[in-house]
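Novice: Per our numbering, residue 1 is the first one in the sequence shown, and the count goes up by one each step.
Please note that the accuracy of each hint is not assured.
Distance ranges between label pairs, derived from CB positions [as the list claims (entries may be wrong)]: (1) E16 - E256: 39 to 45 Å; (2) G238 - V265: 36 to 42 Å; (3) E27 - D70: 18 to 24 Å; (4) P51 - K159: 27 to 33 Å.
Below, computed lysine-lysine pairings styled on PhoX-like, alpha-carbon distance capped at 20 Å [stated by the list, open to error]: (5) K148 - K11; (6) K215 - K65; (7) K159 - K251; (8) K183 - K215; (9) K148 - K159; (10) K202 - K183; (11) K60 - K183; (12) K49 - K5; (13) K159 - K183; (14) K49 - K11; (15) K251 - K79; (16) K148 - K202.
Calculated directly from the structure, the hints in this document are not laboratory data.
Every value quoted in this text rests on a predicted model; they were computed, and no experiment measured them.
Backbone N, C-alpha and C define an ideal beta-carbon position, used for all residues, glycine too.
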Amino acid sequence: MFLDKIVETKKQEVAELSARFSLNAYERRIAEMPNTLGFERAVSAAGRKRPMGLIAEVKKASPSKGLIRDDFDPVQLAKAYEAAGTDCISVLTDRDYFQGANEYLQAVRESVNVPLLRKDFTIDYRQIYEARDIGADAVLLIAAILTKAQLSEFHDIAKSIGLDVLVEVHDRRELETVLELDKATLIGINNRDLRTFVTDLKTTESLIGIIPQDKGITMISESGIAGTEDMAFLQAAGAHGVLIGEHFMRKPHVGEAIEQLMGPVVVR
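Work out the full structure: start from the sequences and follow the hints.
Specialist: Set out below in structure tokens:
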């Protein structure tokens, strides 16, 4: 499976990171950094700027679609997202499959005052410290590539250094594992099966019904969202927010694309 190939590549990257990793050094640097910006709050009912929260993604390419945007400038894209009132920004840092880079996130962090998600395949605790060090406000934990014990451990590590956690699931088994841990308060439902890259928005509809309504969990629908009909469907299904990348990346003006899809910012 392609996901297995990604994980194998990530293991090589982690080996490189491990060779230069000093926990004490990371802890010292993190202790001197300003507080994170509150990613989860920004996309939750308490913080979002529209009826549906928005995590807009800075994404150059994908394994299934190849190059998505020729004139890729992460800073200008992020600034346009911020001006259009996105609640949060996701930045791809995976190098081999998404043509991302840590430097993209660092440059975006210096340019906008919006909470940032480090979008990558986290399989080792060192990557969590690295995410905080390069300026992320949240990390992604993908249930499909982690054990229950890893999900728990990585969640705790992230929280201990000020990071919020977006826990991503795709099917009922993964969701039930996450719910059993009783830690995740921000859950992303990926409509794309990372094993086959087939996308179906009904994935969000079917899984949201399993999530207890009294837990205060913010539910984000991810992937395959490309029009106002999709937004209406997901809102009716009970999603609190969306993560959108490719749809915006294919538009000449990403700020206008946000306003067309999401509507105007609601003045509180």
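Novice: If a hint holds in the structure, say so; if it doesn't, say that too.
Specialist: Now for the hints, and whether the structure bears them out:
A hinted range of 39 to 45 Å holds for the C-beta pair E16 and E256, which are about 40 Å apart. Checked against the hint of 36 to 42 Å, the C-beta distance between G238 and V265 comes to roughly 22 Å, which is inconsistent with it. Evaluation of the 18 to 24 Å hint for E27 and D70 yields a failure: the beta carbon distance comes to about 40 Å. For the pair P51 and K159, the supplied restraint of 27 to 33 Å holds, since their beta-carbon distance comes to about 28 Å.
The hinted pair formed by K148 and K11 meets the criterion: a straight-line CA distance of about 19 Å does not exceed 20 Å. The straight-line distance between the Cα atoms of K215 and K65 is roughly 36 Å, outside the 20 Å bound, and the hint therefore fails. This hinted pair does not check out: K159 and K251 have alpha carbons roughly 35 Å apart, beyond 20 Å. Proximity of K183 to K215 is assessed by CA-CA distance (about 10 Å); at most 20 Å being required, the pair is judged to hold.
For the suggested pair K148 and K159, the alpha carbons sit about 17 Å apart, so the restraint of at most 20 Å is met. At roughly 25 Å between alpha-carbon atoms, K202 and K183 are farther apart than 20 Å, so this suggested pair is violated. Note on K60 and K183: the hinted pairing is violated, with a Cα-Cα distance of about 32 Å set against a maximum of 20 Å. Note on K49 and K5: the hinted pairing is violated, with a Cα-Cα distance of about 38 Å set against a maximum of 20 Å.
Taking the CA atoms of K159 and K183, the gap is about 11 Å. The hint holds against a cut of 20 Å. With a C-alpha separation of about 38 Å, the suggested pairing of K49 with K11 is violated against the 20 Å cut-off. Restraint check for K251 and K79: satisfied, since their Cα atoms lie roughly 15 Å apart, inside the 20 Å limit. Between K148 and K202 the alpha-carbon distance is near 25 Å, which puts this suggested pair outside the 20 Å criterion.
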